[in-house]
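If you read the protein sequences in the order shown, they are chains E and B. Numbered by the numbering used here, the letters in the first sequence go through residues 1 to 696 in order. Numbered by the numbering used here, the letters in the second sequence go through residues 1 to 696 in order.
Since the hints were derived computationally from the structure, they do not count as laboratory data. Do not rely on the hints blindly, as some may be mistaken.
[Unchecked claim] If you only want the chain B side, here are some residues facing chain E, beta carbon under 7 Å, derived:
1. Phe165
2. Ser241
3. Ala436
4. Val577
Keep in mind the model is a prediction, meaning the values are calculated, not measured. Note that beta-carbon positions come from the ideal geometry of N, C-alpha and C, so glycine has one too.
There are 2 protein chains.
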Amino acid sequence: MSGDRDLSGLFSPDRVAVVGATPREGSVARAIVENLAAFSGSVVGVNPNYDEVCGVECVDSIAEAGDVDVGVVVVPPHLALSAIREAGEAGIENLVVITAGFGETGSEGASRERELREIAAEYDLNVVGPNSLGVLSTATDLNATFGPDRPLSGSISFMSQSGAFVTAVIDWALSEGIGFADVVSLGNKAVLDESDFVRAWGRDDRTEVVIGYLEGIDRGREFIEAARQVTDETPVVLVKSGRTDAGAQAASSHTGTIAGSDRAYEAGLDQAGVIRAETVQELFDAASALAGQPLPEGDGVAVVTNAGGPGVMATDAVGDSSLRMASFSEGTLDRYGESMPAEANVYNPVDVIGDADIDRFREAIEIALEDGDVSAVAVLSAPTAVLSYPDLAEAIVELQAEYGTPIVTCLMGGERARAAKSVLSEAGIPLYFDPARAIGSLDALVRYREISEREYDDPAEFDVDTERARAVLDRATERDNRVGVEAMELLSAYGIPIPEGEVVSDPEEAERVARSIEGEVVMKIVSPDILHKSDIGGVAVGVAEDAVADTYEDLLTRARNYSPDATILGIQVQETVDLDSGVETLVGMSEDPQFGPLLAFGLGGIFVEILEDVAFRVAPISEREAGEMVEEIDALPLLRGARGRDPVDEGAIVETLCRLGQLVTEFPEIVELDVNPLVATPEGVVAIDLQLTVEQ
Amino acid sequence: MSGDRDLSGLFSPDRVAVVGATPREGSVARAIVENLAAFSGSVVGVNPNYDEVCGVECVDSIAEAGDVDVGVVVVPPHLALSAIREAGEAGIENLVVITAGFGETGSEGASRERELREIAAEYDLNVVGPNSLGVLSTATDLNATFGPDRPLSGSISFMSQSGAFVTAVIDWALSEGIGFADVVSLGNKAVLDESDFVRAWGRDDRTEVVIGYLEGIDRGREFIEAARQVTDETPVVLVKSGRTDAGAQAASSHTGTIAGSDRAYEAGLDQAGVIRAETVQELFDAASALAGQPLPEGDGVAVVTNAGGPGVMATDAVGDSSLRMASFSEGTLDRYGESMPAEANVYNPVDVIGDADIDRFREAIEIALEDGDVSAVAVLSAPTAVLSYPDLAEAIVELQAEYGTPIVTCLMGGERARAAKSVLSEAGIPLYFDPARAIGSLDALVRYREISEREYDDPAEFDVDTERARAVLDRATERDNRVGVEAMELLSAYGIPIPEGEVVSDPEEAERVARSIEGEVVMKIVSPDILHKSDIGGVAVGVAEDAVADTYEDLLTRARNYSPDATILGIQVQETVDLDSGVETLVGMSEDPQFGPLLAFGLGGIFVEILEDVAFRVAPISEREAGEMVEEIDALPLLRGARGRDPVDEGAIVETLCRLGQLVTEFPEIVELDVNPLVATPEGVVAIDLQLTVEQ
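Okay, chain E solo, but in the shape it has when bound (with noise of 0.2 Å):
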């Protein structure tokens, strides 16, 4: 279920056998044969009851079938198993299995699904599905599906959890003109999911745009790892449903997907590179832009109209984006002054005006694209008499072609638009009615290009005390998962700064401790049981020498008459941390079921807890993706000496993040931790409170 697999064979293979094969009318078995019809390798049917099966070839057992590369299997549950055996003796590497009855139903196809499992790895076998639709690959009519229709040849490559997607895609894609390299109805994913074919398409030279529905990932650390490798020459874009809490409930009992927190896949797809669609329409104009143009090298867009209404919503458009609207040089604006009307509007967005015909567009565009600061171009075109849709989009074409630069078009209208539309998507360049889509599509190759010029770093590391980390973490767990305080030498062991201190259990121990930090201390109840100490009483600040011993015995009674059969660990003596001199902040974890140990960092008390100002990472994390943390956050000026305050240490933010991403990657029983607040001031960090789950 892991590593690198070769799928090259499952999607260029010369023979396909289809293990079932039957010509029973309406059957699945008879329309995936019927489609393979097309495919120009051979094919062979499976079948002992038939000869022959639609006009092909048919054996009594695989172990007849020839050479093949790739076994559809459509046998009935009952029978999949030994014929994925089989397959797997004559030495068939890849198998596509269509028949459902596994994981997707009951206890017994659970069980059937995992006994499947266990022969694809004896045999280490590619298996698509079960309960997939098929698989298809243009470049050699390859169609092993069941579904309609065959997809348009091109260079976007689709995996679907939803078999039924792709039926309807595929029959959309054709009406649009828009064409695929692979496609593949992922099913249950027993065996190879998205990261499997992220990294196989990512290698294959005639995909240039992997796009996918998902309703679910499996191994999310493997797939962050799979798409980085990927995303640097092969943009992917997604849409992971089960956003919202319907739609995860829906996903759930749908595809039997465990529903991890979608703040987790926010931030893993993010760190892997992927962009994330959040509806069907923002999938495809993303795929269709990436797939048609060059990437821009840079985010300055100019403008081009010829009315000024849909010119405005396109600016609107560029500032909702991660574009901004080109700055022109005076070279540009002298050329546009010299050879537009007067009336025309030659600062972006340039405004040609109503009554100008091909040749006065065509240079206002051409001006545009020579510009230094124009790294695409939007042009937009209301109908009007003089102007032809067809003739600018064929003058948009050839400008596109000879510099190279990303175009997008508005070419607004009904019939009119639709015969530039054919000339427009033979070039690969997108157009929509709305300004809006034209413009969003222009945001996709941009956020694209940021992507691939990303580097990851490797996660920091760092010299820590692993052993000291262990032995904490074990004492401090023997009797209770849940552990607090008295477990802050953990963090220490991985460097994070705690204030001087200890837990002691009498008062003699207590005045020890006391006398051997400076200054008054902070004493605490230490108790997995009370939770919110300071409610009862429980924190004593400013403590004395001489009041240190009276301290502990009131602490102590305080608790007692709290809570009689609370379990008390200690008193907890401490340095007096200067909290007003700083800023507390939050720095904690939890385990996501898909992506493993979520980082979470905000500002602590409200800003976490009310305004959900939280900033969130798949560990471990680089210290770019520490830093990234820090930048997120909407209160971000705080940290950085808003209200006449010196900005905080914040590297020693960063590194903290990083450490503690460290220790839950070198710790995984750890399921949950919270430092807070770790107090964060101009000269640095430090922990004051901790609370950790095991797992038991």
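Following the hints, complete the assembly by docking chain B onto the known chain E.
Just chain B now, kept in the frame of chain E:
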């Protein structure tokens, strides 16, 4: 320019005159005459050079044109004003001024436009434009525009501040099957503007939905009143462009619209009951649903699908919207259990699975329609061999008509879907490929239902001491248009609590005031030249009675040292307000060029300054609106007792907002005002500091 104009003559004339009619090929005037050929009434040209233009009788002067209801003015700019005056003399009530060269050009044009406005006022003319593409109305086949197409007849009326956008939309709408009642290109809005058309269409029986593209709203408060009157029965959906900084700049250079703040538009449009669309696509998705479907009675939606994946996507979209997934009754679940196969999912989203034929699909939709919690249904389908989309479309149309519940659809596919689309759009049922768009169109229905049910209470009006307020304001602003705490009594004259105290100008007075106040006092420098009093030690807290005189001198010395030339208005001696027990809030106002006084509310300090957690409303406001302001902020829990504190007196905040709204409405010379902080405690509120600016 204000008041309630009768525009029925404009859209339903019997006789139209084209002033400046000419047969010149390619001229705007000829295009208009030709477009009027289909008009069911009579048309006359006015041009002394012709007896006839393109088959239309032509007279020498407007006076000879007969009983004309609408005059379309297409003469050159220098002739336009006299033509308009002649029309006024001749008793023509409605004019559409196509002629450009007014306010959109230089200062000559601007003065021409001023004159046009004066003539219009003199003769009480309804003038569209100038610089308009024209008007059209499908009821009488009136097309008094120079656009190239005639739209389909429908129930949507459309106004646009961009003429080019009108031609683009009409062309596009033709191919989408979207029809219109009336269309107007607003041009420069010298006389008639969006408020007039919203009012007129609200009364028009043919208009079921008003939509518009606006770059600015000229008379904000007037527009709010106009829209409120119609939106209980007629939805208004607008794109107001210039949302972003870049967009606002582009809009301003396009139409000369003064860029008002988008937060004023956001607040004003919401208070007006307008649904604001961000994009052209959103505009027409909302308009089509509103024109074609009834309003849902509640917000529960059922999703019925033959494909799990699209069902999950639709559910996500529901999660993003103001809808919720309906929760089926036991009876509904039983019915599904009986009629659906075992593999079907009978919980919402209902998955009738891929082998569903038309009968099963129809039954599943019908069961959903009969559930008590279902107020709307989204039907989704992927293409399958056993289902015909046209059949499904027919069934949906029948069921929608039978049950009267709104239905939207997502029959996914290309060619396959096209046949279904015509059946569905005939019945006003939206069809989209993207489940998110289908749900989005339902969302517009639910949002409009909420608007149609709104009660607009009158602004709260309190018994206040306007005279005292006037006196305080006059005195305070005698020497400077910016004033501070010295005008605090302005607030108390409007019933907003302020601390006990006075501004004094000698130590003895200070002592007298301090004696009259219980407990220690706070003393502050009062100077328009010293903004940050605390920073220079200009504030003394906890001053005991016997220290008042010394403190007085001390504060004065500090102020003089800091700024020898500063005007010192005195020292404020104030009762001590316990800030710690309260929450610091900010209530403020700034004058917006379009909407007038814009009230703001947020928590003080970082919440407003850094997190920008602020709610806005156009003043004056009702108690309900003030309550919504308070509830809108993210930090609301801090007012409601988060973190173990007692909830503050929200009612007192609401009342303060209303009283402040009344103050700034009754004193329009106040262009900026900040009460910061207004301290809110469980017992009420008190204004601690004030800054205000009056117009000079």
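List in ascending order the numbers of the hints, as given earlier, that are violated by the structure. Violated: hint 4 alone.
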